[in-house]
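Build out the structure end to end from the sequences listed, making use of the hints.
For reference, the chains in residue letters:
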Amino acid sequence: MAAVELEAVTKRFDNFVAVDNIDLEISDGEFFSLLGPSGCGKTTTLRMIAGFEFPTAGRLSIGGREIGLDPPNKRPVNTVFQNYALFPHMNVLENVMFGLLMQKVPKDQARDAAAKAINSVKLEALLNRKPNQLSGGQQQRVALARALVNEPKVLLLDEPLGALDLKLRQEMQSELKSLHSEVGITFVYVTHDQEEALTMSDRIGVMSEGKLLQVDDPTRIYEHPAKRFVADFIGEINLIEGSVDSSGTVRLGDEVIACASPAPSGSQSVTIALRPESIDLTVENERIGGAMNQIPGIVARRTYFGDSHSYDIETSGGTLSIRRDNRPLNTIFDPGQPVTVSWHPDASNLLED
Amino acid sequence: MTSLDHAAAHSQARKGRLLATPAGLYIVLFFIVPLLIILAYSFATRTATGRTELSGWNLESYDKLFTGLVMRTVWRSFWMAAVTTVMCLIVAYPFAYYLATRAAKVRNVLLVLVMIPFWTNGLIRIFAIRFMLGSDGPISQASESLGFGEFRILFTPTAVVLGMLYSFLTFMILPLYVAIERMDWKLVEAARDLYADGFTAFRKVTLPLTKSGIIAGSILVFVPSFGSYVVPEILGGAKTLLLGSYIARQFGQARNFPFGAALSVVLIVAMLIAVVINQRTEASEL
Amino acid sequence: MSQTLRTGKWIDRFLRLNAWLIFAFFYIPIFVLVIFSFNGSSRVTVWGGFSTRWYPAVFENQQILSALKNSLIVAGISTVVSTILGTSVAIAIDRYRFKGRKALDGAIYLPVIIPDVTMAVMMLAFFAQVFRLIDSFGPRFQLGIYTIAISHIAFNISFVAVVVKARLGQLDPSLEEAARDLYASGWLAFRRVTLPLILPGVLAGALLALALSLDDVVISGFVNGSGGTTLPVYVFGAIRRGVSPELNAISTLMLLASTVLVLTSLFLQRDPKSKQP
Chain A
1 MAAVELEAVT KRFDNFVAVD NIDLEISDGE FFSLLGPSGC GKTTTLRMIA
51 GFEFPTAGRL SIGGREIGLD PPNKRPVNTV FQNYALFPHM NVLENVMFGL
101 LMQKVPKDQA RDAAAKAINS VKLEALLNRK PNQLSGGQQQ RVALARALVN
151 EPKVLLLDEP LGALDLKLRQ EMQSELKSLH SEVGITFVYV THDQEEALTM
201 SDRIGVMSEG KLLQVDDPTR IYEHPAKRFV ADFIGEINLI EGSVDSSGTV
251 RLGDEVIACA SPAPSGSQSV TIALRPESID LTVENERIGG AMNQIPGIVA
301 RRTYFGDSHS YDIETSGGTL SIRRDNRPLN TIFDPGQPVT VSWHPDASNL
351 LED
Chain B
1 MTSLDHAAAH SQARKGRLLA TPAGLYIVLF FIVPLLIILA YSFATRTATG
51 RTELSGWNLE SYDKLFTGLV MRTVWRSFWM AAVTTVMCLI VAYPFAYYLA
101 TRAAKVRNVL LVLVMIPFWT NGLIRIFAIR FMLGSDGPIS QASESLGFGE
151 FRILFTPTAV VLGMLYSFLT FMILPLYVAI ERMDWKLVEA ARDLYADGFT
201 AFRKVTLPLT KSGIIAGSIL VFVPSFGSYV VPEILGGAKT LLLGSYIARQ
251 FGQARNFPFG AALSVVLIVA MLIAVVINQR TEASEL
Chain C
1 MSQTLRTGKW IDRFLRLNAW LIFAFFYIPI FVLVIFSFNG SSRVTVWGGF
51 STRWYPAVFE NQQILSALKN SLIVAGISTV VSTILGTSVA IAIDRYRFKG
101 RKALDGAIYL PVIIPDVTMA VMMLAFFAQV FRLIDSFGPR FQLGIYTIAI
151 SHIAFNISFV AVVVKARLGQ LDPSLEEAAR DLYASGWLAF RRVTLPLILP
201 GVLAGALLAL ALSLDDVVIS GFVNGSGGTT LPVYVFGAIR RGVSPELNAI
251 STLMLLASTV LVLTSLFLQR DPKSKQP
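Protein chains in written order, with the working numbering: chain A, 1 to 353; chain B, 1 to 286; chain C, 1 to 277.
Everything labelled a hint here was simulated from the structure, so no lab data went into it. Wrong hints could be hidden among the right ones.
[Unchecked claim] Simulated crosslink set (DMTMM-like; lysine to aspartate or glutamate; CA at most 25 Å straight-line): (1) A:Lys122 / A:Glu159; (2) B:Lys204 / C:Asp12; (3) A:Lys104 / C:Glu177; (4) C:Lys9 / B:Asp197; (5) B:Lys239 / C:Asp105; (6) B:Lys15 / C:Asp12; (7) B:Lys15 / C:Asp94; (8) A:Lys227 / A:Asp216; (9) A:Lys153 / A:Asp70; (10) A:Lys107 / C:Glu176; (11) B:Lys15 / C:Glu176; (12) A:Lys74 / C:Glu177; (13) A:Lys153 / A:Glu182; (14) A:Lys211 / A:Glu182.
[To be verified] To spell it out: a stretch of chain A is covered by chain C in this simulated footprint if at least three of its residues, at any positions, have a beta carbon under 8 Å from a beta carbon of chain C; those stretches are: (15) 44-57; (16) 325-339.
Backbone N, C-alpha and C fix where the C-beta goes; we use that ideal spot for every residue, glycine too.
Here it is in C-alpha cells:
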C-alpha cells in the first residue's frame with residue numbers, strides 16, 4: 001500500500017505555478033527523497049503533505065485515505081523542520097512531550113515515551129536544557145525525537161541537515177539512515193544536496209520548475225538519467241550533441257557510436273550524456289577489445305585534483321571532460337598529445353530535453 | 001468545484017477577519033469617522049451663537065486660511081517645526097552614530113539612558129524646562145551671580161524650539177540609530193579600500209544608506225512639532241502663537257469649529273504627505 | 001570591529017562630547033526639578049534647605065487625589081481594552097491574509113503619527129455630533145472620563161498593535177506550524193506556543209498604552225467635560241498658573257511612576273535571543 005499518493009497535484013500561488021501536475025506514489029517504509037534546486041517545488045510538495053498548504057488541483061492521500069482539507073493536526077505525519085522549529089520556551093523533554101500531550105496521552109505515559117525517544121537519539125543527559133543551550137546537531141536530534149515519538153505513518157524532513165557543517169552532516173546522514181531502518185516509518189526527505197539524496201534514499205524524485213522529472217533508485221538516477229536536467233543537476237557530466245541518420249545510427253562527429261538505448265525514431269540530433277569517470281583514456285591507436293566505443297582526440301588541458309586528474313579532450317564531436325584516478329601505474333597524458341577515448345555503450349545515455 | 005487551497009484560504013481569511021474586526025471597527029468608528037467629521041465641519045456653517053450647522057456647505061473657513069494672521073501663524077509653525085527638525089538631525093545623527101559604534105554592552109546601557117527621558121511624562125519634562133528657563137530659575141540665578149544679568153529666554157520662540165527639541169529629539173535618535181546600526185560596515189570599508197577618505201566614505205556610503213532613518217526621524221519630529229500645543233502653551237508667549245494653539249482656541253474660547261476644522265485639515269494633510277513620503281522611501285529600499 | 005577604522009581620533013572625541021552634552025540636556029532639567037521638590041522654602045526657586053514638606057501637601061489636595069483617581073480609571077480601562085484589541089489585530093495582520101488587510105495595516109499607523117491637537121479636536125467634534133444625535137432620541141450624555149477612555153483606546157490600539165507586530169515579526173512562523181504538526185488545534189497552538197512567545201511584546205505594548213494614557217494631556221483636556229479632570233490636565237492647568245513647590249513634588253512623583261514603567265517595559269522588550277541561561 002502506498003504511504004503517500006499524489007494524483008495530478010498542482011499548487012499555484014497567484015500566478016506562479018509552484019507544483020505542476022505531479023503524480024507520485026511513495027510506498028510504505030520507503031526512504032524517499034525529493035531532490036532539486038531551490039524554488040523547484042519540493043518544499044511546497046512536502047508542505048502539502050504536512051497540511052501547511054493545500055493543492056490547487058489534484059488529490060492527495062496518506063495511508064490510502066484522501067486527506068482533503070484535514071488540518072495538520074489531523075494528519076498522521078510529522079515534520080522535521082529546516083530550522084528545527086523547536087519551541088524556545090520549552091525544555092527538551094517538554095518539546096518532545098508536546099505532540100503526545102496534544103493527542104491527550106496521559107502525562108506519565110507521555111513522559112516515559114518522550115524519555116525513551118530522547119534516549120534513542122542519545123540526549124538523555126540534556127532533558128532539561130532549553131533549545132538555545134543546545135548545539136545545532138543536538139537541536140537536530142531533539143527535532144527528530146519530537147517527531148518520531150508520535151510514531152507517525154510518514155516522517156517529513158525538510159532539508160534537516162542544511163544548517164550543519166560538513167562533518168556533522170555526514171555523521172547525521174548515516175544516523176538517519178539507520179534510524180530509518182530501525183523504526184520502519186516512511187521517510188520523505190527534501191534536499192537540494194545530490195550526494196545526500198544518493199547516499200540515503202531508496203528512491204529519488206528529481207524536481208525542476210514544479211515538475212517531477214524522474215523517479216528512480218539512486219543508481220538509475222545517476223547512471224541512466226532520463227532528462228537533460230537530471231543528468232546536469234546530479235554530478236558532473238558531458239552533454240554532447242550527436243547526429244542520427246535515417247537508419248537510427250548515432251554519430252559523434254565522424255565516429256559511429258553505440259548507446260544504452262536506441263535513438264528515438266525520426267530525430268536528427270540527440271544529446272548524449274557521458275560521466276567523466278566512465279570514460280577511459282589510452283595512447284593513440286592503442287585499441288582495446290570488446291564492444292567499446294572508441295574515438296580519437298587530442299589532450300587540450302590537464303588539471304590536477306590530488307586523487308585524480310581531469311582532462312579536456314578535443315574530439316571531432318566536441319570537447320569531452322574525463323576524470324582519471326591517480327593510481328601508480330596510470331599513464332599521465334600531456335596537453336597536445338593525441339589519445340584514444342573509449343567507453344562502454346551502456347555509459348552513453350540519450351537524453352530528452 | 002472550488003479547489004482545496006481556495007477553501008483553505010477562505011477559512012483563513014474568515015479567521016483573520018474575525019480577529020481584525022473588533023479593532024478595525026473601533027478604529028473606523030472612533031478614528032476614521034471623527035476624521036471625516038472634522039473634514040465635514042471644515043465645510044460647515046457657524047451660527048451667530050457659535051453652533052455648528054452641518055448644512056449650507058461652504059468654503060468660508062478655507063478662505064479664512066489665506067488671511068494674514070492665519071498665514072503668518074501657519075508659516076511660523078512650519079518654520080519652527082523645520083528649525084526643530086534640522087537641529088534634531090544635526091545633534092542626533094552624531095549621537096546615533098556614536099551609539100551604534102559602541103560595544104554591545106555599553107550600547108545597551110546608553111540606549112536605556114536614552115529611553116528613560118523618552119518615556120517619562122512629557123508634560124513634566126516641559127515643566128522642567130520651564131522651571132530651568134524661568135526669569136528666577138536656576139540658569140538665571142547662576143547667570144546673575146556671575147554678573148551676566150537676568151537670563152531672559154522664556155516665552156520666546158527660542159524657548160519653544162528648545163522645548164520641542166527636548167520633547168522630540170528621541171524620535172530622531174531612534175530611527176537613525178536603527179538605520180546606522182543595521183548598516184553593513186563592510187561597505188564603508190570597501191569605500192575606504194577604493195581610495196575614499198573618511199569624509200567621502202561617509203558622504204557617499206554611510207549617509208545614503210541611512211537615508212530611511214533620516215527621513216523617518218525627520219517625519220517623526222516634524223509632524224508633532226508642526227502641530228505642537230503643550231510646548232508653546234507652556235514655553236511660548238503671546239508672540240509665538242502656533243498652529244496647535246490656534247486650532248485649540250477655535251474649539252475653545254472662539255467657538256468657531258468650522259474654522260478650527262479647516263486649520264486641522266492643514267495638519268492632517270501635512271501628516272498624510274509625511275506618511276506617503278515615508279512609505280515611498282521604505283518601498284524604494286526593498 | 002575596530003573603532004579606529006570607522007572614526008578618527010578627533011571625530012571620536014567630538015562624538016563623545018556630543019553624546020555627553022545630549023545626556024546632560026536630557027537629564028539636568030529633570031534632576032534640577034527633583035532637587036527643588038525637596039526645597040524647604042515656599043519661594044520655589046530660592047533654596048531654603050532640604051525638606052519633604054511638599055509631599056504630604058500633595059496627598060492632602062482633594063483636587064489632585066480625584067484627578068489621580070480619574071487618571072488611573074481611564075488608564076486602566078484603556079490599557080485593558082486596547083491591549084486585547086491591539087494584540088488581536090496585530091495577529092490578524094501578521095498571520096492571516098484577508099481582504100482589507102493592507103488598508104487596515106496602513107490605517108493602524110495613523111493614530112500613532114497624528115498630532116495630539118488634531119486627534120483632540122476630532123474627538124471633541126465627534127462626541128459633540130454623536131451627543132446631538134443621541135439627544136434627539138431622549139437620553140442626554142455628557143463628556144466625562146468615559147469619553148477620555150474611548151479616545152485613549154482609539155490611539156492606544158495602534159501603539160499596542162505596532163509593538164506586538166514587531167514581536168510577531170521576530171517570531172519564526174514555523175513554530176506555530178510545528179505545533180499544528182504535533183497535533184495541536186489552532187487554538188492550542190496559539191495558547192501553548194504563540195502566546196507565551198509574544199507575551200513580552202504584549203506586556204510591553206500594554207505598558208506603553210498605560211504610559212501614554214497617563215501622559216496624555218491634550219486629548220484628555222478636550223474631551224473631559226466637567227468632573228473628568230485627569231492628573232496631567234490638572235498639572236497643565238497648574239503650570240499655566242505658574243510654578244509652585246507643590247507642582248515640583250507632583251512632578252517628581254509622576255517622573256518616578258513613569259520611570260518604573262519604562263524600566264519594566266525595557267526589561268520585557270529585551271531581545272529574546274540575547275537572554276542568557
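*asked:* Hint check: lysine 74 (chain A) vs glutamate 177 (chain C), CA-CA at most 25 Å. Holds or violated?
replied: 13 Å, holds
*Within a Cα-Cα threshold of 25 Å, do lysine 107 (chain A) and glutamate 176 (chain C) meet the stated pairing?*
22 Å, holds
*asked:* Is the coverage entry for the region 44-57 of chain A by chain C consistent with the three-residue Cβ rule at 8 Å?
replied: Three-residue rule met by the region 44-57 of chain A, so holds; n is 3.
*Does the structure keep lysine 153 (chain A) and glutamate 182 (chain A) at a Cα separation of 25 Å or less?*
14 Å, holds
*Is the hinted pair lysine 122 (chain A) and glutamate 159 (chain A) satisfied, with a Cα-Cα distance of at most 25 Å?*
22 Å, holds
_Outcome, coverage hint (the region 325-339 of chain A, chain C; C-beta under 8 Å; three residues)_ = violated (count 0)
*asked:* Holds or violated: lysine 153 (chain A) and aspartate 70 (chain A), Cα atoms, limit 25 Å.
replied: 15 Å, holds
*Between lysine 15 (chain B) and aspartate 12 (chain C), is the straight-line Cα distance small enough, at 25 Å or below?*
With a Cα-Cα distance of about 54 Å, the restraint between lysine 15 (chain B) and aspartate 12 (chain C) is violated, given a limit of 25 Å.
*lysine 239 (chain B) and aspartate 105 (chain C): Cα distance at most 25 Å?*
Violated. Lysine 239 (chain B) to aspartate 105 (chain C) sits at ~41 Å, over the 25 Å cutoff.
*Given the hinted pair lysine 104 (chain A) and glutamate 177 (chain C), is their alpha-carbon gap at most 25 Å?*
Between lysine 104 (chain A) and glutamate 177 (chain C) the Cα gap is close to 19 Å, so the pair holds against 25 Å.
*Regarding the pair lysine 15 (chain B) and glutamate 176 (chain C), is the alpha-carbon distance no greater than 25 Å?*
16 Å, holds
*Does lysine 204 (chain B) pair with aspartate 12 (chain C) here, judged by a C-alpha cut-off of 25 Å?*
20 Å, holds
Of the numbered hints stated above, those contradicted by the structure are hints 5, 6, 14, 16, listed in ascending order.
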